[in-house]
Amino acid sequence: MASEEKMGLTRFPLDEAFKLVIENVSRRLARTALTVSGIVLSIAFYSTLMMTAKALSKLGEGGAISDYYIWMMILAFIVSAAGITNSVIMSVTERTQEIGTMKCLGALDIHIIELFLLESLIVGAIGGVLGFIIGIPASYILISYSFSSDVFFTLTIRDILRVMAGSILISIILSVVMSIYPTYKAAKLNPADALRFIV
Amino acid sequence: MSTLSYPYTVEVHGVKKYYYMGQNVVKALDGVDLKILRGEYVSIMGPSGSGKTTLFNMVGGLDRPTEGKVYIDEVDIAKLDAYELAWLRCRKIGYIFQTFNLIPVLTALENVTLPMIFAGLGAEERYKKGVELLKRVGLGDRLNHKPVQLSGGQQQRVAIARALANDPSIVLADEPTGNLDLETGRQIIELLKELNREKNVTVMTATHDLKMLDVSDRIAWLRDGKIIRLEKRAEVKLKVYELKTKEEK
Numbered sequence: 001m002a003s004e005e006k007m008g009l010t011r012f013p014l015d016e017a018f019k020l021v022i023e024n025v026s027r028r029l030a031r032t033a034l035t036v037s038g039i040v041l042s043i044a045f046y047s048t049l050m051m052t053a054k055a056l057s058k059l060g061e062g063g064a065i066s067d068y069y070i071w072m073m074i075l076a077f078i079v080s081a082a083g084i085t086n087s088v089i090m091s092v093t094e095r096t097q098e099i100g101t102m103k104c105l106g107a108l109d110i111h112i113i114e115l116f117l118l119e120s121l122i123v124g125a126i127g128g129v130l131g132f133i134i135g136i137p138a139s140y141i142l143i144s145y146s147f148s149s150d151v152f153f154t155l156t157i158r159d160i161l162r163v164m165a166g167s168i169l170i171s172i173i174l175s176v177v178m179s180i181y182p183t184y185k186a187a188k189l190n191p192a193d194a195l196r197f198i199v
Numbered sequence: 001m002s003t004l005s006y007p008y009t010v011e012v013h014g015v016k017k018y019y020y021m022g023q024n025v026v027k028a029l030d031g032v033d034l035k036i037l038r039g040e041y042v043s044i045m046g047p048s049g050s051g052k053t054t055l056f057n058m059v060g061g062l063d064r065p066t067e068g069k070v071y072i073d074e075v076d077i078a079k080l081d082a083y084e085l086a087w088l089r090c091r092k093i094g095y096i097f098q099t100f101n102l103i104p105v106l107t108a109l110e111n112v113t114l115p116m117i118f119a120g121l122g123a124e125e126r127y128k129k130g131v132e133l134l135k136r137v138g139l140g141d142r143l144n145h146k147p148v149q150l151s152g153g154q155q156q157r158v159a160i161a162r163a164l165a166n167d168p169s170i171v172l173a174d175e176p177t178g179n180l181d182l183e184t185g186r187q188i189i190e191l192l193k194e195l196n197r198e199k200n201v202t203v204m205t206a207t208h209d210l211k212m213l214d215v216s217d218r219i220a221w222l223r224d225g226k227i228i229r230l231e232k233r234a235e236v237k238l239k240v241y242e243l244k245t246k247e248e249k
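Residue numbers (this note's numbering), protein chains in the order written: chain A, 1 to 199; chain B, 1 to 249.
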């Protein structure tokens with residue numbers, strides 16, 4: 001008969017995963033900065049356009065932003081999405097042996113996914129906040145240049161908070177969604193193959 | 001039947017591992033039988049390409065055999081699902097690698113406590129046990145060093161402490177001295193032997209390091225995926241042809 005000992009589940013609590021992610025992010029600062037900058041660009045663009053649109057709507061003159069800007073924004077999102085996927089693929093590839101080791105120590109596929117998606121979430125949040133912060137002076141300049149600075153100050157705190165929430169949310173979703181495929185692929189590797197893997 | 005009364009930690013029955021590469025079949029393991037007693041120190045000796053690492057992967061539950069069965073503490077590991085397998089790797093098996101494989105962003109202590117996190121131990125207990133283990137391997141003063149701040153020998157000591165973190169039944173070591181100089185390698189081998197005696201933990205090493213002979217209870221000579229001889233330490237009479245590769249023979 002098999003061993004009497006009951007087999008349990010191995011665990012990886014979120015706070016422990018979070019600590020490891022913070023270490024990973026801060027120790028690979030250059031890589032993180034590169035990924036974040038891609039997100040910042042598109043989010044800054046997004047928040048600028050949203051604030052401008054809100055200010056213009058107060059002016060009561062149609063208030064729409066032109067299709068040209070909308071398309072520019074979509075393009076910026078596509079570029080940053082590609083950048084995120086690329087950087088996650090690199091980060092996963094670089095750490096394939098580490099993934100194999102963690103599986104030897106008891107990690108489940110879901111723990112590996114947890115680790116990488118948490119990292120994407122944090123990177124997305126940082127990108128969203130920075131992008132929004134850059135968006136404020138950018139929209140001020142855009143509005144002052146096209147109309148007058150008074151128009152910018154018609155924006156209420158509420159408007160600005162809304163744009164901030166939107167920026168961070170979109171940034172996190174973008175970052176996490178684009179990371180799912182490479183992360184899932186890495187987590188599925190069997191430990192023997194992951195350990196053998198040489199970059 | 002209780003686990004303790006059963007004499008074997010590891011049983012390998014007719015294990016084969018074939019890799020298919022186009023038309024060719026590579027027989028990495030071609031029918032291996034091996035039983036390892038509780039507390040025994042067994043070395044798998046063989047030249048590179050003889051199937052040592054493949055056997056290591058099979059016994060460690062890191063890969064599945066094409067044919068045959070592997071039992072760890074009487075459990076047929078082919079019958080385990082992904083969750084049970086992870087639990088087995090976490091609690092029953094300690095792994096030591098040629099390349100140390102420490103997590104680079106974590107300190108020595110954090111590396112040792114990581115398997116205890118997976119095992120569900122509380123923070124206090126993890127800290128206590130981690131410090132104790134690192135002291136035992138002679139790194140009591142290096143708890144908060146990152147792997148890059150440690151020498152190869154020190155990194156392997158951390159890896160040994162990590163392998164023992166959850167009091168496994170068996171420690172598997174794949175070429176543990178492969179990346180170390182002669183003297184450091186000797187120290188690591190001695191440490192493994194001491195811990196083997198102290199904790200009565202079964203040790204299986206895959207190696208071609210002949211320094212390993214003296215500490216081993218038994219030696220399995222692996223050649224082209226088969227165990228050609230299995231002998232006790234006293235029976236080993238080394239002949240020069242053992243050291244040659246197949247082509248030279």
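Since the hints were derived computationally from the structure, they do not count as laboratory data. Because the structure is a prediction, the values reported are computed rather than measured. Don't take every hint at face value.
Said to hold, decoys possible - The calculated DSS-like cross-link candidates involving lysine-lysine, where the alpha carbons are at most 27 Å apart (straight line), are:
hint: 1; chain 1: B; residue 1: Lys69; chain 2: B; residue 2: Lys79
hint: 2; chain 1: A; residue 1: Lys19; chain 2: B; residue 2: Lys69
hint: 3; chain 1: B; residue 1: Lys79; chain 2: A; residue 2: Lys185
* Asked: Within 27 Å, alpha carbon to alpha carbon, are A/Lys19 and B/Lys69?
  -> violated (39 Å)
* To do: Take a quick look at whether B/Lys79 and A/Lys185 sit within 27 Å of each other, Cα to Cα.
  => holds (24 Å)
* To do: Below or equal to 27 Å on CA atoms is what counts here, so check B/Lys69 against B/Lys79.
  => holds (10 Å)
Of the numbered hints listed earlier, the single one contradicted by the structure is hint 2.
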